[in-house]
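Asker: Single-letter residue listing:
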Amino acid sequence: MSSISGSNASNTTVGDTIALGSAADRRTEVADYFAAVRAALADLEPVARDGLLEDLSEHLSEVAAADSAPLRSRLGTPERFAADLRSAAGLPNAADAPETYATGGSPTEVARALLVRADRSIGRLCGYRTLHELLVDLRPGWWLVRGVAIVVALLTVSGVMSPGYNPAVFRAFLLLALLGAALSCRFGRAVQRAQLDLRTTAVVVNLISSVAIVYSWYEYLRPW
Amino acid sequence: MDVTQLLKGVLDVAVLAVLKTEDGYGYDVLRRLRAVGLEDVGDASVYGTLRRLYAAGALTTYVVPSDEGPHRKYYSLNKTGQDQLAQSAKVWRAFASTMDGLLIEQGVTA
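If you're matching them up, the sequences are chains A and B in order. By my numbering, the letter at position 87 of the first sequence is numbered 87, and the numbering carries on one by one without gaps. By my numbering, the letter at position 49 of the second sequence is numbered 49, and the numbering carries on one by one without gaps.
Okay, chain A solo, but in the shape it has when bound:
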């Protein structure tokens, strides 16, 4: 056995080329990653969770100090990291954990417990363990819709496209829609693989796409 392919470590070196800012930025990155792992373990008993997190931020700082690549590039997403952590530590997956009915605790804990329950209930209704798993599976579909919607919105705003059939415009639209969908998928994959530290950009792109979808609906599909 000479080499093991890791499950949560990215094999790419793309992250190496992404320059990171000051030591303060690095500390913020470690703190954010830690907070996201903690949130992904929110359903665990406090004692088990705290034991698991006890020296994790030191470990993350070590990783950050030894490697200039973004943490996500080296370790994968915090959710994936948390899942591997659970599995290696012999703790149940979020979806397998027993139901918890929060009756006490801080408002944040109660809200979190309610979210976890809603996540499972809606997920089960759809044949999944959690809603989150379903949404992860739906991701590529969203990327396609997003790419096409942006093209529709751009063409409409620029005045090229308007309700009604025009063969030349329709052909151009098909080409651009394919291109838009392809680029959108490519961007989605890159963010998902954590090759790009572009979470904020991704959120902005998704917001713009949502506006574009509503706008396209309003222009072309509204039933009134």
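Bear in mind the hints are in silico, worked out from the structure with no lab data behind them. Mixed in with the good hints there might be a few duds.
Stated by the list, open to error - So, partial list: chain B residues that the calculated Cβ filter (under 10 Å) puts toward chain A:
#1 Val13
#2 Tyr25
#3 Gly26
#4 Tyr27
#5 Asp28
#6 Arg32
#7 Gly42
#8 Tyr47
#9 Thr49
#10 His71
#11 Lys73
#12 Ser76
#13 Lys79
#14 Gln84
#15 Leu85
#16 Ala86
To be verified - Only pairs whose alpha carbons sit at most 20 Å apart, straight line, appear in this in silico SDA-like list of lysine to any residue:
#17 B:Lys73 - A:Arg49
#18 B:Lys8 - A:Ser87
#19 B:Lys90 - B:Asp40
#20 B:Lys79 - B:Ile104
#21 B:Lys90 - B:Gly101
#22 B:Lys20 - B:Thr4
#23 B:Lys8 - B:Tyr62
#24 B:Lys73 - A:Gly141
#25 B:Lys73 - B:Thr21
#26 B:Lys79 - A:Ala190
#27 B:Lys90 - B:Val10
#28 B:Lys20 - B:Gly101
#29 B:Lys79 - B:Gly101
#30 B:Lys73 - A:Arg139
#31 B:Lys73 - A:Asp50
#32 B:Lys73 - A:Phe34
#33 B:Lys8 - A:Asn93
#34 B:Lys73 - A:Asn93
#35 B:Lys8 - B:Arg93
#36 B:Lys8 - B:Gly101
#37 B:Lys8 - A:Ala83
#38 B:Lys73 - A:Ala48
#39 B:Lys73 - A:Pro92
#40 B:Lys8 - A:Asp50
Even glycine gets a Cβ: it sits at the ideal position worked out from N, Cα and C.
Based on the hints, put chain B in the right spot on chain A.
Answerer: Only chain B this time, still in chain A's reference frame:
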């Protein structure tokens, strides 16, 4: 063959083994495992395994302040850990030799 699946079963032994002669902190243990050829073993897997072995009473810990960075929590093998390592090593050798025997008997050469 998916080596990560194999690794899941033997990571305990690997972690105990690299701590046998020298105590180590999480990142250090990871580095040692990679140095012996388990190159891309996951950070979370190693860190989680250390926590589980500690919770099971096979490891003890102590904190060493560091000037350059965060304080480091060192893990060391105690009597329970040493016994577990000896026992697991026996199981592993028997298993590896059985598999070798099977492959040789069937004329499978790598």
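Asker: All the hints need checking, so say for each whether the structure fits it.
Answerer: Taking the hints in turn, this is what the structure says about them:
1. Val13: It is violated, given that the least Cβ distance between Val13 (chain B) and chain A is near 12 Å, above 10 Å.
2. Tyr25: It holds, given that the least Cβ distance between Tyr25 (chain B) and chain A is near 8 Å, below 10 Å.
3. Gly26: holds, 5 Å
4. Tyr27: holds, 4 Å
5. Asp28: Holds, about 8 Å.
6. Arg32: violated, 14 Å
7. Gly42: holds, 4 Å
8. Tyr47: Holds - the Cβ of Tyr47 (chain B) comes within 10 Å of chain A, reaching about 6 Å at its closest.
9. Thr49: holds, 5 Å
10. His71: holds, 7 Å
11. Lys73: holds, 5 Å
12. Ser76: violated, 15 Å
13. Lys79: violated, 22 Å
14. Gln84: violated, 14 Å
15. Leu85: violated, 18 Å
16. Ala86: Status violated, d = 21 Å.
17. B:Lys73 - A:Arg49: holds, 18 Å
18. B:Lys8 - A:Ser87: holds, 9 Å
19. B:Lys90 - B:Asp40: violated, 26 Å
20. B:Lys79 - B:Ile104: Violated: Lys79 (chain B) and Ile104 (chain B) sit about 37 Å apart, past 20 Å.
21. B:Lys90 - B:Gly101: holds, 16 Å
22. B:Lys20 - B:Thr4: violated, 23 Å
23. B:Lys8 - B:Tyr62: violated, 26 Å
24. B:Lys73 - A:Gly141: violated, 45 Å
25. B:Lys73 - B:Thr21: holds, 17 Å
26. B:Lys79 - A:Ala190: violated, 47 Å
27. B:Lys90 - B:Val10: holds, 12 Å
28. B:Lys20 - B:Gly101: violated, 29 Å
29. B:Lys79 - B:Gly101: violated, 33 Å
30. B:Lys73 - A:Arg139: violated, 39 Å
31. B:Lys73 - A:Asp50: holds, 15 Å
32. B:Lys73 - A:Phe34: Given pair Lys73 (chain B), Phe34 (chain A) holds - Cα atoms ~17 Å apart, limit 20 Å.
33. B:Lys8 - A:Asn93: holds, 16 Å
34. B:Lys73 - A:Asn93: Since the Cα atoms of Lys73 (chain B) and Asn93 (chain A) sit roughly 26 Å apart, the hinted pair is violated (cutoff 20 Å).
35. B:Lys8 - B:Arg93: Holds. Lys8 (chain B) to Arg93 (chain B) sits at ~17 Å (cutoff 20 Å).
36. B:Lys8 - B:Gly101: Answer violated: Lys8 (chain B) to Gly101 (chain B) is near 23 Å, above 20 Å.
37. B:Lys8 - A:Ala83: It holds: about 14 Å lies between the C-alpha atoms, which stays within 20 Å.
38. B:Lys73 - A:Ala48: Between Lys73 (chain B) and Ala48 (chain A) the Cα gap is close to 18 Å, so the pair holds against 20 Å.
39. B:Lys73 - A:Pro92: The given pair, whose Cα atoms are some 25 Å apart, is violated under the 20 Å limit.
40. B:Lys8 - A:Asp50: violated, 24 Å
Of the numbered hints given earlier, the model fails hints 1, 6, 12, 13, 14, 15, 16, 19, 20, 22, 23, 24, 26, 28, 29, 30, 34, 36, 39 and 40; all others are met.
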